[in-house]
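Protein chains: 2
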Amino acid sequence: MIKGKDGSIIPKVVIERLPRYYRYFDWLENQIEKISSRKLGELMGSSASQVRLDLSYFGDFGQQGYGYNIKKLKNELGNILHIDTPMNFIIVGAGNIGRALTRYNAFTRAGFKLKGVFDVNPSLIGEKINDVQIYDAKELGPFVKKHKIDIAVVAVPKETANDVARVLLENGIKGILNFAPMDLDLPNSFPVENIHIIDKILALSFFISD
Amino acid sequence: MIKGKDGSIIPKVVIERLPRYYRYFDWLENQIEKISSRKLGELMGSSASQVRLDLSYFGDFGQQGYGYNIKKLKNELGNILHIDTPMNFIIVGAGNIGRALTRYNAFTRAGFKLKGVFDVNPSLIGEKINDVQIYDAKELGPFVKKHKIDIAVVAVPKETANDVARVLLENGIKGILNFAPMDLDLPNSFPVENIHIIDKILALSFFISD
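Here the protein sequences come in this chain order: F and A. Heads up: the first sequence runs through residues 1 to 210, numbered per the working numbering. Heads up: the second sequence runs through residues 211 to 420, numbered per the working numbering.
Hints in this document: simulated from the structure, not taken from any laboratory. We put the beta carbon where it would ideally sit given N, CA and C, even for glycine. Incorrect hints may have been included.
As the list claims (entries may be wrong) - Pairwise CB distance ranges, derived in the manner of DEER restraints:
1. F/Glu139 / A/Gly269: 16 to 26 Å
2. A/Tyr276 / F/Thr85: 51 to 61 Å
3. A/Asp341 / F/Pro157: 15 to 25 Å
4. F/Pro122 / A/Arg319: 24 to 34 Å
5. A/Val223 / F/Ala48: 32 to 42 Å
6. F/Glu127 / A/Asp341: 24 to 34 Å
7. A/Leu253 / F/Gln133: 36 to 46 Å
8. F/Tyr66 / A/Lys244: 26 to 36 Å
9. A/Gly269 / F/Asn130: 42 to 52 Å
10. A/Pro296 / F/Ser189: 48 to 58 Å
What the hints assert, rightly or not - Away from chain F, derived, C-beta distances all over 12 Å, residues of chain A:
11. Gly217
12. Ser218
13. Leu263
14. Gly269
15. Pro332
16. Ser333
17. Gly336
18. Tyr345
19. Phe353
20. Lys355
21. His357
22. Thr370
23. Asn381
24. Ser399
25. Ser415
26. Ser419
Starting from the given sequences, assemble the full structure and let the hints guide the process.
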C-alpha cells in the first residue's frame, strides 16, 4: 500500500497514470510555462477534477487560478517516479520480443540500465546484442542476487514463465514486467505489470465488429 | 457504445477483461468441465461477484449452484471476441518492435492475418520477414483501402505516429493497436488500444521504491 503526502492511500490506477502525466509535461515543457487543470484534462482526454485529484495525492502542485508550473511538476513527478535514480534490469527470454526489448533505446532514455539477457538456447548464449551479453538461464538466480537487479522483464513462453518468476523472487527481484501471455503466480502485493499484447488486439477486434 | 444482451451499456473495462477470461477458459477446458464463480474469481485474482457481473453482460452463462460450463463459455466468449472470424492487420514501422511483432506467432494463433509491414527506410522496403513483405510507407493509404485492412499496429517513433494515424483513418482502418509512446490524436470513440512499455516500467519503479 502506497501512501500520499497526506497519508491517504494512493489507488494503483492513479500511480499507473503518473508516467502519462510525466510524458505530457516532458512534451509541454518546451512550449509553455504553466497549464490549467482544465487544459491539461482536455489534452489528456480526462476532466479537470480528475487531473486535480490525481495530482493532489503527491502534494500541492497547483495554484488556484494560476495553473500548474510545468517544469516544477515535471521535476517533482520525475522524483516520485525515480527517473533520476538509475534502476537496473534484466530481460529473461531472447526470443523475438526479448531481443526487440534489448534493442529498445527508450529504456535507457528513461534511466533504466540493462545488465543482461538470459535464455536457455545454447546457440544464443554468449552472444551480445548492443554490448549486452546473453547468459545461460541457469545463471539467472545467482546473477540477480549478485548484481542486486531491481526489475526483470519476463519474455519467455507461458510454459516456463512461472518457473522463471519463482527463481527471480527467490533471489530478491523487486518487480516484474511480464510479457508472457498469462498471469504469473506471485504473492498478492508483489509489484508486477503485465503487457498482454494478444489481450489488447482481441479487445480491439471486439470493439471494431458490431 | 457497446450494449449487452439485455441492452445495458457494457463498460470498456469489462470488455478489456474478456480476453483474460478467454485465456483462462482455454487453459481450463482440458482440465475440468465446470467451475464456480468463486473458484474462477480466486484463480483470476478477483471476486465471485465481479466474475458474475462481468459475464452477466453477455448472457446467462452460469447456473446457480452448478457453476459455469467451461467449454460452452469459451465458445461463447470466442464468438463475442470474433476469434473465429479472421481479421487482417498490418504493422506500420519495421524497427525493433515492429520486426518482433512481425515474427510474433501469437497473432496468427489468435486468428489475425498479417497482410503487410510498412516502413520509410529504403533499405528495408522489399525485404520479407516470414513471407510478409515490407512495403514503402507511401503505399500505406492505398493498401489499407484496397485490402480492407481491419487493424493497424503502429510501431513508429512518436514524431510520425499522428501522421500515420491520419493516413490510416482516412483510408478506413477500423482499429489501432498503438506502441508509439504517446496518445494518438483520434476521434473520441475510435477503437484504440495502447501499449506504453515505458509507462509500465516507470509505474513499476515507483511501486518498488519506497
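Going down the list of hints, with the structure as the test:
no., hint, verdict
1, F/Glu139 / A/Gly269: 16 to 26 Å, "violated, 50 Å"
2, A/Tyr276 / F/Thr85: 51 to 61 Å, "holds, 53 Å"
3, A/Asp341 / F/Pro157: 15 to 25 Å, "holds, 22 Å"
4, F/Pro122 / A/Arg319: 24 to 34 Å, "holds, 26 Å"
5, A/Val223 / F/Ala48: 32 to 42 Å, "violated, 22 Å"
6, F/Glu127 / A/Asp341: 24 to 34 Å, "holds, 26 Å"
7, A/Leu253 / F/Gln133: 36 to 46 Å, "holds, 38 Å"
8, F/Tyr66 / A/Lys244: 26 to 36 Å, "violated, 60 Å"
9, A/Gly269 / F/Asn130: 42 to 52 Å, "holds, 50 Å"
10, A/Pro296 / F/Ser189: 48 to 58 Å, "violated, 41 Å"
11, Gly217, "holds, 14 Å"
12, Ser218, "holds, 16 Å"
13, Leu263, "holds, 18 Å"
14, Gly269, "holds, 15 Å"
15, Pro332, "holds, 21 Å"
16, Ser333, "holds, 17 Å"
17, Gly336, "holds, 21 Å"
18, Tyr345, "holds, 20 Å"
19, Phe353, "holds, 18 Å"
20, Lys355, "holds, 16 Å"
21, His357, "holds, 16 Å"
22, Thr370, "holds, 15 Å"
23, Asn381, "holds, 15 Å"
24, Ser399, "violated, 9 Å"
25, Ser415, "violated, 5 Å"
26, Ser419, "violated, 5 Å"
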